[in-house]
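Hey, can you piece these two chains together into the complex? The hints should help.
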Amino acid sequence: MKKLMTGNEAVAQGAYEAGVHYAAAYPGTPSTEILENIAPHKEIIAEWAPNEKVAVESAAGASIAGARTLSAMKHVGLNVAADPFFTMGYIGINGGMVVVSADDPGLHSSQNEQDNRYYAKMAKVAMIEPSDSQECKDMVKDALEISEKFDTMVLFRMTTRLCHSKSIVETGERTEVLIKPYVKNTNKNLIAPAVAKQLHLVVEQRLKELEKFSNETDLNYIEWNDKKVGVISAGVAYQYAREIFGDSASYLKIGFTYPLPMEKIKKFAEQVGTLYVVEELEPFMEEQIKAAGIDCIGKDKIPNTWELNPDIVEKSLFGTEKATIDYDKTTAVGRPPTLCAGCPHRAFYYELSKKKNIMITGDIGCYTLGGTAPLNAMDTCICMGASVSAAHGAKKVFEKNNDNKRVVATIGDSTFFHSGMTSLLDVVYNKSNTITCILDNRITAMTGHQENPGTGYTLQGEEAYITDIPEVVKALGIKHIRTVNPLNSAETKEAIDWALALEEPSVIISRYPCALKSYSEHDLNEFGPIKGVCEVNQEVCIGCKKCVGTGCPAIHFKKEIKKSSINKVQCVGCKLCAQVCPVKAISKVGE
Amino acid sequence: MNKNILLVGVGGQGTILVSKILSTGLLEAGYDVKMSEIHGMAQRGGSVSTQVRYGEKVYSPIIGIGTADILVSFEKMEALRWLEYLKPEGVVVINDYEIPSAPILSGKENYPQGIIELIESKADTRVINAAETAEKLGSDKVMNVVLLGALVKLMNLTDIDWDKAIKDTVKEKFADVNIKALHAGMDSVVCSKTGC
Numbered sequence: 000m001k002k003l004m005t006g007n008e009a010v011a012q013g014a015y016e017a018g019v020h021y022a023a024a025y026p027g028t029p030s031t032e033i034l035e036n037i038a039p040h041k042e043i044i045a046e047w048a049p050n051e052k053v054a055v056e057s058a059a060g061a062s063i064a065g066a067r068t069l070s071a072m073k074h075v076g077l078n079v080a081a082d083p084f085f086t087m088g089y090i091g092i093n094g095g096m097v098v099v100s101a102d103d104p105g106l107h108s109s110q111n112e113q114d115n116r117y118y119a120k121m122a123k124v125a126m127i128e129p130s131d132s133q134e135c136k137d138m139v140k141d142a143l144e145i146s147e148k149f150d151t152m153v154l155f156r157m158t159t160r161l162c163h164s165k166s167i168v169e170t171g172e173r174t175e176v177l178i179k180p181y182v183k184n185t186n187k188n189l190i191a192p193a194v195a196k197q198l199h200l201v202v203e204q205r206l207k208e209l210e211k212f213s214n215e216t217d218l219n220y221i222e223w224n225d226k227k228v229g230v231i232s233a234g235v236a237y238q239y240a241r242e243i244f245g246d247s248a249s250y251l252k253i254g255f256t257y258p259l260p261m262e263k264i265k266k267f268a269e270q271v272g273t274l275y276v277v278e279e280l281e282p283f284m285e286e287q288i289k290a291a292g293i294d295c296i297g298k299d300k301i302p303n304t305w306e307l308n309p310d311i312v313e314k315s316l317f318g319t320e321k322a323t324i325d326y327d328k329t330t331a332v333g334r335p336p337t338l339c340a341g342c343p344h345r346a347f348y349y350e351l352s353k354k355k356n357i358m359i360t361g362d363i364g365c366y367t368l369g370g371t372a373p374l375n376a377m378d379t380c381i382c383m384g385a386s387v388s389a390a391h392g393a394k395k396v397f398e399k400n401n402d403n404k405r406v407v408a409t410i411g412d413s414t415f416f417h418s419g420m421t422s423l424l425d426v427v428y429n430k431s432n433t434i435t436c437i438l439d440n441r442i443t444a445m446t447g448h449q450e451n452p453g454t455g456y457t458l459q460g461e462e463a464y465i466t467d468i469p470e471v472v473k474a475l476g477i478k479h480i481r482t483v484n485p486l487n488s489a490e491t492k493e494a495i496d497w498a499l500a501l502e503e504p505s506v507i508i509s510r511y512p513c514a515l516k517s518y519s520e521h522d523l524n525e526f527g528p529i530k531g532v533c534e535v536n537q538e539v540c541i542g543c544k545k546c547v548g549t550g551c552p553a554i555h556f557k558k559e560i561k562k563s564s565i566n567k568v569q570c571v572g573c574k575l576c577a578q579v580c581p582v583k584a585i586s587k588v589g590e
Numbered sequence: 000m001n002k003n004i005l006l007v008g009v010g011g012q013g014t015i016l017v018s019k020i021l022s023t024g025l026l027e028a029g030y031d032v033k034m035s036e037i038h039g040m041a042q043r044g045g046s047v048s049t050q051v052r053y054g055e056k057v058y059s060p061i062i063g064i065g066t067a068d069i070l071v072s073f074e075k076m077e078a079l080r081w082l083e084y085l086k087p088e089g090v091v092v093i094n095d096y097e098i099p100s101a102p103i104l105s106g107k108e109n110y111p112q113g114i115i116e117l118i119e120s121k122a123d124t125r126v127i128n129a130a131e132t133a134e135k136l137g138s139d140k141v142m143n144v145v146l147l148g149a150l151v152k153l154m155n156l157t158d159i160d161w162d163k164a165i166k167d168t169v170k171e172k173f174a175d176v177n178i179k180a181l182h183a184g185m186d187s188v189v190c191s192k193t194g195c
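Taken in order, these protein sequences are the chains called H and X. Numbering follows numbering that gives the first Met the number 0, with no gaps: position 197 of the first sequence is 196. Numbering follows numbering that gives the first Met the number 0, with no gaps: position 194 of the second sequence is 193.
Here chain X stands alone, though its shape is the one from the complex (with noise of 0.2 Å):
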């Protein structure tokens, strides 16, 4: 049965490294691997998203809604966005974190409250202070690799050869801070829920 995953966020937080990791060691493993991005708007501050699609057999690069198995919001406004991709019964880790957008920014709207009890209360979910334990680490920059950490061990992929995906696609002097965010983010969660 192929499994999707859902990557979300804004453009700039490093989605698309984190989908290119992901995508090597998928495909190191065996795994037939689809992945799709959107180029364009993404230097602009939009809301971006990335899909990886990986299976016996993968035919469509895409999912549309209610498909996806797991949904890592980069931001946490993100995760109300795109929750409606998500399966009924998947899981959604949300980064704590706050990209307020535009209209927010000038004092039009609201950063909306309450985004992690409204998605607690409607699927499996686990939320994560990404940024804290990327400053832990002692660079901010590898946030997007603490949640691939948290990732990978929901969807039970935790016997893949991640430090060497992560040697593979970063350069080498940034490999060994993103080695460590991926097992502190790992470390995050726990998955009774899923019984990974």
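Excised from the complex, chain H in its bound form (with noise of 0.2 Å):
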């Protein structure tokens, strides 16, 4: 059958016909999807997982008992999972085992632009890159197989064009594939250094034989059309290239990026004149075609930086300028993203930046948006995890430097389980005065609401153990907890200059779900539905703007008659401008 799929789309589908058993995934823009198209066949084990490198370690145990397993996450997710990551690298697998990394090169949604295939090159294991939905759904067969002949874990690099566009598929029935018996073999899943020892000598084995395949494989194929032009490409960007230079080129095409085909591509080079090699972020193949000796044109022209397209291929190669319209395009106001309205981040941040002398530092998610104008309420946003730990070091220099500056750090609820649970058991373990502030509201929004160990739900929405976010806290040493209602102002402020004013670690848990979320029987039971809207009252208002300091997008104040006035369709009547407002303007309709 036909369909038309996005690249997420086509590696659930293909998963699912080359007869994957478990897969797991840590939610992460550009990769989320994938996880989620699995997980409505019921053939395959599929998990949310805390972490990615719980997802690896997971589907590395999948594997070891004998499944085939894929475990998917976008890029930065691989640095948290690369401990399993190479290791399993030296360990190879029993069940075929692909590892789906979605890079993001333009930082759509990401901290940074780091190119994923050096992870292949790094572990030394083998690499698959996709170019459009068909090849993403195939190839994760071919991968499986790959994993399994050569007993390799495969890297499967996506990039967010692939993972999120469309493109046509065609889709067939799954293949069943038997779970492979397990064997216990301490000599190759029991990495003591003896082990390892013996084993990097199976990889570099391996690797020659890999090459060899690359070199055979039709997953890099050569399209021969006028000599004169050579272009070596994978990915996405050979969809670009194959733009720019149409029938008027030869093509190498590149879909096992690891080891090279160098062989073929030497073969390549020879044949053709000018040699162009098109890839996206980093000169990955470029280095090591180079490094054999051949000459071509790469990222001396191609910007290694943010995504490409084929304009901008065509541009830098031949500098080839298009007509476009020309106008002052500086008079469009920017539009950028900011917390919904209702947003209970939104809330608490607003009592956080009133304080003065306190460092605040954020974590990875909706709430990073809470750093930027009007609440400002953000220093430092590292990582996963990393507001807890940074806030740890931070406080300890600030000690050390006589300055009593408080440092009080911000993170999500996912976020938490996924790495913010070992920071804060450092704050406790080493001592610092850090406040840590969860921000619970019982979802991981960001990535568009997927469940956590804290929502009471799994990855197909049955039943799951709620874990209790003060028991974990009050576990892991900290002996001052609050959990409060972030919409409730004065209960928020006086939990932060309760924590402020405590001479010991100290936590509190601003519990409220998303705006956006439709709420689950849990959180119908403890929150019961919100209802209404609010509105000003024009004639109390005198336009001090503050409840548009608090930044709500359904609140617009209008310069011409100095008064604030809210949006019914956007408010979700939170109430907080209510609470801001000093001459009691806005209330509630109804109420």
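What the hints contain is simulated information worked out from the structure, not anything from laboratory work. Warning: the hint list may mix true and false statements.
What the hints assert, rightly or not - If you want the footprint, here are the derived chain H segments under chain X, 3+ residues with CB under 8 Å:
(1) 140-152
(2) 303-311
(3) 378-392
(4) 546-552
(5) 573-581
Ideal placement from N, C-alpha and C gives every residue a C-beta, glycine not left out.
Listed below in structure tokens is the structure:
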């Protein structure tokens, strides 16, 4: 059946058709929909793991136990999972093991633009790069077969544009694959130094075999056209190259990108005139091609920063400028993303932003927007979990420097489970006096509302144990714990003041569901339905803009009349603005 | 020759549904189709764009500046932001609808004036009041499909069975109003300038 599918949907379909038994992931744009689309298939055990390391380790265990496995993550997620990734590079597999890394050229929703192809080279494992949705589907099967044939984990490298672009896919049926028998084998699966020493030899031999395969496989194919120009390309960049050079150039399209098919590349290079290497981000292929003594044009012209498109490639290689309409682009006012109307994070950050002489460390999630105007309630944001540990380090140094500045860490529920818990253990163990605020909005919101260990549901929406954050925090050794409703400003302010006055580390849990969340049964029981909208009595409004200072997108300050008004379509009736208004001009309609 | 469509707007305006209906219809009609969208910040009121490319054989899922055959802007100011993506001989469809962004809401900046006049002076422009049309149909939610109607008319794609594409894409109870919205959108533009 022909279907339009995103790359992520196609990877899920590929996993289904190829008989994958076990899949695990932590949500992260642009990879999230892979597991969401695997989840409905009852034949596959599919799980949200608390973080990427756990996902890859679970998949490793499942592979050793004999299952075909797939784990998926965004590029920076592989940093978290790097430890098991490298070790599994040595151990190899039993059931086929594919690790999907979704890189984000252009930083559409990420903190860096790292090129994860280098992970394959560094861990010495096979790598596959699809270039459209059909290949995303087909190559999952190829990857699993290669994994089993060569006893190697396979890195399946995607990029945002592949993950989130739709193209035509011919779907098929699932082929059941038997779970392989498990045989205890400590010389392979128990990575002590003596074992690893021998395995390293195996890995080097395997790389040679993989390179031979790379030269032979149809995943790396040549399309002969005019031989004056030759293009070597992979991933979505191949599509851009194909768009620009058309049928006037010959192509070596590489789908199996590590180890590179150097013999095939040499033969191709010998037969073409000018050789171009078109790749997105780093010169991963180009470096290796040049190191093999083959002259080519690549990153000396094509940028290694930001996402490419056909026009960027064309302009960088040939200086071609497209005719565009000439106008003053700057007249369009910016449209930055904002915390939603009714967002509980806004309410918490609003109170926090009023405190003087504090450093606020942030973390990865919607709430990173608490660092933007008008709240400006954040000093740093580094990576998942870093708010708590960076706060600890900063506090230690302020103390050493006789600076009484307080440090407040802010971290979401899912991020706390991901990697905040060990950081908080450090706060207790190494005795820093930080305030950790866990912004528990009862869901993994930023990536589009995925369940997590605290929500009470699994990936498939089945009931699960609800991890109790206050109990976890207590068990880690925190003595001072408070849970607040962030939409109650007085309660929130009081808790922050209480924590700032303490001489020991404390935790404030700001607990209220995301404004966009469709309430679960648990949420309805705890929070009740939220209804209604707020309105401004414009006769009372003094135009002080206090409500505007919350940054709520439902509030519009009308300059002409110097009064605020509330957009009834957007307002969810959280009443933060009503609490902020000094003249009580704002109230809930009907209250 | 491949055609490039660029749909722009604000998160929540339904550009993605329109691109879904559009690509479903184009696929049914036998075209090769690629569609590209960016997730992540869309729910948070950011500027969003979706690209649909179709033709005999489409390679790249995305386009660069100066290459869109048609720019459909679901929000007025967004047309200004994305105008450089249009071919100079391309068509702009502007929904005469304003969604002020955060700097405007807070009173820091003003919503730019004279957008339509500016764009009209630069390109073949069709201004549509899709909100009003949708309201007349009894559902402000179908503003997006009104714009789709204008788009298919201007791209000379009216032969495709869009009613079916809508039925295949939206929930059954919403199919009827969406089909009406599509036809109202088609009726709202004349295509003398583009010759369709």
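These are the hints, each one checked on the structure:
For a cut-off of 8 Å, the count of residues in the region 140-152 of chain H with a CB near a CB of chain X stands at 0, and the three-residue condition is violated. Counting residues of the region 303-311 of chain H whose beta carbon lies closer than 8 Å to any beta carbon of chain X gives 4, which reaches the threshold of three, so the coverage claim holds. Residues of the region 378-392 of chain H with a Cβ under 8 Å from some Cβ of chain X number 0, which does not satisfy the need for three, so the listed coverage is violated. Under a criterion of three residues with beta carbons nearer than 8 Å to beta carbons of chain X, the stated coverage of the region 546-552 of chain H is upheld, 3 such residues being counted.
Note: the region 573-581 of chain H has 0 residues with beta-carbon separation from chain X under 8 Å; the three-residue rule is not met and the coverage is violated.
Hints 1, 3 and 5 from the list above are not met by this structure, while the remaining hints are.
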